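Letter by letter, the chains look like this.
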Amino acid sequence: MPWAETIVDTLKKWDTSLIAYVPDISIDRVTSIIDADPFFHLVSCTREEEAVGVAVGSYAVGRNAAVFMQSSGFGNSINGIASLCLPSRTPIPIFMNLRGQVGEFNIAQVAMGRNTKPILDLFGIAHYTIESEDRMDTLLDGVMKLCHAHRNPVAICMTPMLHGGKIA
Amino acid sequence: MLRFDATQLVLRHAGDSPIVGNLGPTSDELYHAGHRDRNFYTYGNMGLCSSIALGMALSTDDKVISLDGDGSLLMNLGTIATIGREMPENLVVLVWDNEMWGQTGGQSSHTATGTNLEDVAKSCGISKTTTVDDLETLEEAFGRAMNEPGPWFIVAKIEEAAEYMPVAPVEPEFTLYRFRNTYIE
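Heads up: the protein sequence lines correspond to chains A and B, in order. Using the working numbering, you'd call the opening residue of the first sequence number 1334 and step up by one each time. Using the working numbering, you'd call the opening residue of the second sequence number 11 and step up by one each time.
Any given hint could turn out to be false.
[Said to hold, decoys possible] Some residues of chain A that are not near chain B, with every Cβ distance over 12 Å (derived):
id : residue
1  : TRP1336
2  : ASP1361
3  : ALA1369
4  : GLY1436
5  : GLU1437
6  : ASN1439
7  : GLN1442
8  : LYS1450
9  : ILE1452
10 : ASP1454
11 : LEU1472
12 : GLY1475
13 : LEU1479
14 : GLY1498
[Unchecked claim] One-sided excerpt, in silico: chain B residues whose CB lies under 7 Å from chain A:
id : residue
15 : LEU84
16 : PRO159
17 : TYR193
[As the list claims (entries may be wrong)] So the derived label-pair ranges between C-beta atoms look like this:
id : chain 1 : residue 1 : chain 2 : residue 2 : range
18 : A       : SER1465   : B       : GLY116    : 50 to 60 Å
19 : B       : THR147    : A       : ASP1370   : 42 to 52 Å
20 : B       : ARG154    : A       : ALA1444   : 44 to 54 Å
21 : B       : HIS42     : A       : ASN1412   : 18 to 28 Å
Because the hints were derived from the structure by calculation, they are not lab data. Quick caveat, the model's predicted, so the values are computed rather than measured. Backbone N, C-alpha and C fix where the C-beta goes; we use that ideal spot for every residue, glycine too.
Bound-form chain B, shown alone (with noise of 0.2 Å):
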């Protein structure tokens, strides 16, 4: 499963709900798959991901969509626990997993060696979770993650495109502006 396709699952189910995009490719290929004023891409902070969602999700009704990655959660295990602690019904976290920093080199991450970030959030008091491998368990777990109570903390197992996508030309100072004004106006 190629995470283009996987995000442009995630923008056909996602309706006006915030997406916050981990820095790099993911970030990037969201903007490419639909860019929308409700796209939260991060270019730096790497491990804020689900923090920055976890944040959003105590804020405000809206479901809110974290899209993580691996090497990125690991730097930050703690949200997983911090979210257990909250257990807000309208998060939803998606970890794209390619097991590598696919960033500095595709050295392999831990969830190539053994660390299962599924039990992690298990271990975390989170209940719905799940992993997938492909686009159609995808379909119907992000589908039930739209529709009921979480937060939910799904894994998906993806690989990397040969080539990366262009750099999305989008400014940090601009994206905040712009996502905040779809909340106060």
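Extracted from the complex, chain A is given alone in its bound form (with noise of 0.2 Å):
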């Protein structure tokens, strides 16, 4: 299945219908099926902090969230990450599109998508790599399990391997 199904597919599966998000282009693909599905509430919102504390609203209402956006819009996120998600537990699956990889061409971009998964790592948040389509849904849905298991965010983050990266 291609890789923005299989990701639709997971987040219904687990039942996660409030997807706050900062529009990327790498990963329009997924956002725009979740745009066009009655399954979803797709959030959009000015930035990418403001996004988790939509998703953790709707959390705290029973209601399971996801957040999408590309790895420069993470550094705009790390306070609501490390003072909500992580103080209050919530299990907020964050997609990211990680720049400064393989065929990047923006110099801006290369310092904060290299530090992603370090900073990542610095919190203790757990973080997958998608490269390939390849048992994409099985990696999926154990990371999901993982999220809600230990009520903290996790993040998935999608190389230009997998989504072939933004057209200059």
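Hints in hand, dock the two standalone chains.
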């Protein structure tokens, strides 16, 4: 199954229907499917930290939520993750396009992109990098299970090897 | 108008509605005015109070009340635009506006120097707005907000009390767990 459809199917299986996001061209394929599917409510946010807050609010009233962003926006979301998600223990899966990888054309994207996973490690946030559709459904299902068992955010980092990257 | 008196007023009209409290004295005073399972106290994440309330309002039919602050909301003005885009009828944003950053030494905030948060909300498409500066007008506005479709955006000009109340003895993890259990049980 194509990667975007696999993500959508996994979100449905885990009854995760509120998606808060900041648009990104490389993962627009999946957020466009979500936007067109009445199962989901896609909330367009002005900033990634705001998306984290919206997702936590949804979870607090019993509706599972996920966040979509790109790695540069992960930098914008850190305070929300560190001072809200972690201390209150909220299982929010964070799907992000990982910039600064092979094929990156923009110098400004490299530092945040390449430091995203080390920063996740510093916070003890589990993260998984997806570069291929092979067994992606099994991996994503397991990531969601871990996320809810641990009641902590997890990051799913998608690279250009998976989605083809940004076209200049 | 003291924030604590205004918070007691809100609790009298809130019924079972969830209330999200901004970090610091707003959450502490909410706790002391009337601790309840549907109080969602925040401890950090400055600026996200109304974003959390927005996420709640999009996922429950209950009226959801955000007790935000001027300094905090200035940190995340974009969320007013998102509220204006989503237009949840069940969201009531109440901004305690003391025109200062009270917790960091009382430095004047931008609402003291010309920023009008009610006008910001209006320009984001939110039409149910008002600014109040005493308990009587707050009660009238908040009563309407609880009974008429929103989203509502109420700026309440408040004064800081001479002394802060004790920090609310609550833990973030337990706050979320207790709050969420009122929805999933």
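These are the hints, each one checked on the structure:
The beta carbon of A/TRP1336 is kept farther than 12 Å from every beta carbon of chain B, the shortest such distance being approximately 27 Å. Every CB of chain B is more than 12 Å from the CB of A/ASP1361 (nearest about 18 Å), matching its label as outside the interface. Look at A/ALA1369: its CB is around 18 Å from the nearest CB on chain B, clear of 12 Å, so calling it non-interface holds up. Separation of A/GLY1436 from chain B is adequate, the least Cβ-Cβ distance of about 30 Å exceeding the 12 Å criterion.
Every CB of chain B lies more than 12 Å from the CB of A/GLU1437, the least distance being 27 Å, so the non-interface label holds. With a least beta-carbon separation of about 23 Å from chain B, A/ASN1439 lies farther than 12 Å from that chain, consistent with its non-interface assignment. Against the 12 Å criterion, A/GLN1442 stays outside the reach of chain B, whose nearest CB is about 22 Å from its own CB. A/LYS1450, annotated as away from the interface, keeps every beta carbon of chain B farther than 12 Å; the closest lies near 23 Å.
Every CB of chain B is more than 12 Å from the CB of A/ILE1452 (nearest about 17 Å), matching its label as outside the interface. At roughly 21 Å from the closest C-beta of chain B, the C-beta of A/ASP1454 stays outside 12 Å, upholding its exclusion from the interface. Every CB of chain B lies more than 12 Å from the CB of A/LEU1472, the least distance being 27 Å, so the non-interface label holds. A/GLY1475, annotated as away from the interface, keeps every beta carbon of chain B farther than 12 Å; the closest lies near 23 Å.
Every C-beta of chain B lies more than 12 Å from that of A/LEU1479, the closest at about 18 Å, which supports listing it as non-interface. No beta-carbon of chain B comes within 12 Å of the beta-carbon of A/GLY1498; the shortest separation is about 27 Å. At about 14 Å, the closest approach between the beta carbon of B/LEU84 and any beta carbon in chain A exceeds 7 Å, and the interface hint on this residue is violated. Nearest Cβ of chain A to the Cβ of B/PRO159: about 18 Å, over the 7 Å cut. The hint is violated.
At about 4 Å, the closest approach between the beta carbon of B/TYR193 and any beta carbon in chain A falls short of 7 Å, and the interface hint on this residue holds. Taken as a hint, the range 50 to 60 Å holds for the pair A/SER1465 and B/GLY116, whose Cβ atoms sit roughly 56 Å apart. A beta carbon spacing of about 44 Å between B/THR147 and A/ASP1370 agrees with the range 42 to 52 Å that was offered as a hint. Distance hint for B/ARG154 and A/ALA1444: a CB-CB separation of about 50 Å, consistent with the stated range 44 to 54 Å.
A C-beta distance of roughly 27 Å is found between B/HIS42 and A/ASN1412, which places it inside the suggested range of 18 to 28 Å.
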